[in-house]
Amino acid sequence: DSGVTQTPKHLITATGQRVTLRCSPRSGDLSVYWYQQSLDQGLQFLIQYYNGEERAKGNILERFSAQQFPDLHSELNLSSLELGDSALYFCASSVEGDQPQHFGDGTRLSIL
Amino acid sequence: GNSVTQMEGPVTLSEEAFLTINCTYTATGYPSLFWYVQYPGEGLQLLLKATKADDKGSNKGFEATYRKETTSFHLEKGSVQVSDSAVYFCALSVPGAGSYQLTFGKGTKLSVIP
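If you read the sequences in order, they're chains A and B.
To convert, note that position 42 of the first sequence is 42 in the working numbering; the numbers rise steadily by one, no gaps.
To convert, note that position 72 of the second sequence is 1072 in the working numbering; the numbers rise steadily by one, no gaps.
You may find that some hints are simply not true.
Here are the simulated DSSO-like pairs of lysine-lysine, each with C-alpha atoms no more than 27 Å apart in a straight line [as the list claims (entries may be wrong)]:
1. B:1052 - A:57
2. B:1106 - B:1068
3. B:1106 - A:9
Hints listed in this document are in silico derivations from the structure and should not be mistaken for laboratory results.
A quick note: this is a predicted structure, and the numbers were derived from the prediction, not measured.
Sequences are here, hints too, so could you generate the full structure?
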């Protein structure tokens, strides 16, 4: 058990819809990273938050947004969903700096 | 930009065989290098890491050495077990403005048969 909790584990929805993925980091971890794992793109970094503030952006679409709340949990919001958004979305957390990232089990998003 | 190239699988080995998964990288700056493992239905787990040239990371019988001259970080294990069947990802991070985001290779699926 990594200590990182992601909910829900599975999400099935339709094109054009909006969903919210939730991540609770390990106790004491201030950084939260979001990654997308898809068959064609592999594992790609989306966005990072540190102690409530956005720190880095990767290949994140404009239809996607994220935030980190005062209790340090994070949410990834995906809107105007397309078939190509079907993927496994991982959250990872770390204390800070160059410390290992601990991954949750992911949320599998299926767009019908 | 930063990138990681690793041998594509799947790789199928018999139990107790020797394992090598090749990984090479391109990075600006001085990256830290990682191997992560993903078991079916689970998230990624850190297997080992190395933060500077000539460092050797090791864990659970797996080893990898940070080779700056060849920009490589090959994963090896002397004797694999069925329980090692998983997908292995090579990754790097280069600190930039306080972010240590990971750049991953495409993963190598390993199947070990009894």
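Here is what the structure says about each hint:
Our distance criterion of 27 Å between C-alpha atoms is met by residue 1052 (chain B) and residue 57 (chain A), whose separation comes to about 25 Å. Of the pairs offered as hints, the one joining residue 1106 (chain B) and residue 1068 (chain B) holds, with about 21 Å between alpha carbons and a cut-off of 27 Å not exceeded. For the hint pairing residue 1106 (chain B) with residue 9 (chain A), the CA-to-CA distance comes to about 23 Å; that is within 27 Å, so the pair holds.
Hint compliance for this structure: every hint is met.
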